[in-house]
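S.K.: So the chains spell out like this:
There are 2 protein chains.
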Amino acid sequence: MIEPKFTGHLVPVVVVDAGSHEVLMVAYADEEALDLTRKTGYAHYYSRSRRKLWKKGEESGHLQRIVRILVDCDEDTLLYEVEQEGVACHTGHRSCFYRTLDGEEIAPRVLDPDGVYGKGSGRAKR
Amino acid sequence: MIEPKFTGHLVPVVVVDAGSHEVLMVAYADEEALDLTRKTGYAHYYSRSRRKLWKKGEESGHLQRIVRILVDCDEDTLLYEVEQEGVACHTGHRSCFYRTLDGEEIAPRVLDPDGVYGKGSGRAKR
Chain A
1 MIEPKFTGHL
11 VPVVVVDAGS
21 HEVLMVAYAD
31 EEALDLTRKT
41 GYAHYYSRSR
51 RKLWKKGEES
61 GHLQRIVRIL
71 VDCDEDTLLY
81 EVEQEGVACH
91 TGHRSCFYRT
101 LDGEEIAPRV
111 LDPDGVYGKG
121 SGRAKR
Chain B
1 MIEPKFTGHL
11 VPVVVVDAGS
21 HEVLMVAYAD
31 EEALDLTRKT
41 GYAHYYSRSR
51 RKLWKKGEES
61 GHLQRIVRIL
71 VDCDEDTLLY
81 EVEQEGVACH
91 TGHRSCFYRT
101 LDGEEIAPRV
111 LDPDGVYGKG
121 SGRAKR
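If you're matching them up, the sequences are chains A and B in order. If you read the first sequence in our numbering, its first letter stands for residue 1, the second for the next number, and so on. If you read the second sequence in our numbering, its first letter stands for residue 1, the second for the next number, and so on.
If you are wondering where the hints come from, they were derived from the structure by calculation, not from laboratory data. All values derive from a computational prediction rather than experimental measurement. Mixed in with the good hints there might be a few duds.
Heads up, the list lumps identical chains together, so a pair's fine if it works in one copy or across two of them.
[Stated by the list, open to error] For lysine-lysine, the following DSS-like pairs were computed, each having C-alpha atoms within a straight-line distance of at most 27 angstroms:
1) 55 with 5
2) 52 with 5
3) 39 with 5
4) 39 with 52
5) 55 with 39
So here's chain A without its partners, still in its complex pose (with noise of 0.2 angstroms):
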């Protein structure tokens, strides 16, 4: 196995649809967390804002099953093939990449945000 260079703590994990390849998100990952999604099947990452370890999905249900899992050329970056229960996005947008840099949005909203993660519970942001 590669082993990522998890320099300064955390690699960048970019996520995408195992069918459509489309880009889900972007979080990420410390050597515990990758462990876990390797151990379990499904995503886990590590939470900057939160500082600990996060399940994604552990509170809305939107989890990430693994189908693979690759490596950069530099080994400091990972990339996650998943098959996403619902959504990516706290927004209720499949993907966090819904707009364009002038803002204008290119994807749906496909879930009431409150959806996601209760309403009142506040988000359980990355």
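Mind docking chain B on chain A? Use the hints.
M.R.: Chain B only, in chain A's frame:
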């Protein structure tokens, strides 16, 4: 225009083929790199190893023409949709993500790596 949060100077940029949506690479941008990318229509980054602005393909000729720039929900990650000239990876693979974490190569090398940056010239590392 959405102003990305250049927290700590740099934001990660996921680069995908505008046609196939294949993830080609991940690099980093500062404000200057993003400005030049928008003004010229060609992908610019900030090289963390060389500590300077970097136009993708300036040495290799493997330019990335910008089709669209997306931003994520948190406005701290960019996605460049590009038309890739040649290959994105210095190894001669089309994408930098050509291996699984277990070390299996899932995509062929399409160019001699010496052909990417010229024999003995050293690589233009990100």
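S.K.: Evaluate each hint against the coordinates.
M.R.: Tested hints:
1. 55 with 5: The answer is both: 21 angstroms in one copy and 25 angstroms across copies each meet 27 angstroms.
2. 52 with 5: both (19 angstroms within a copy, 22 angstroms between copies)
3. 39 with 5: within (19 angstroms within a copy, 34 angstroms between copies)
4. 39 with 52: within (18 angstroms within a copy, 39 angstroms between copies)
5. 55 with 39: Cα proximity of residue 55 and residue 39: one copy only (13 angstroms, versus 39 angstroms across).
In terms of the numbered hints stated before, the structure departs from none.
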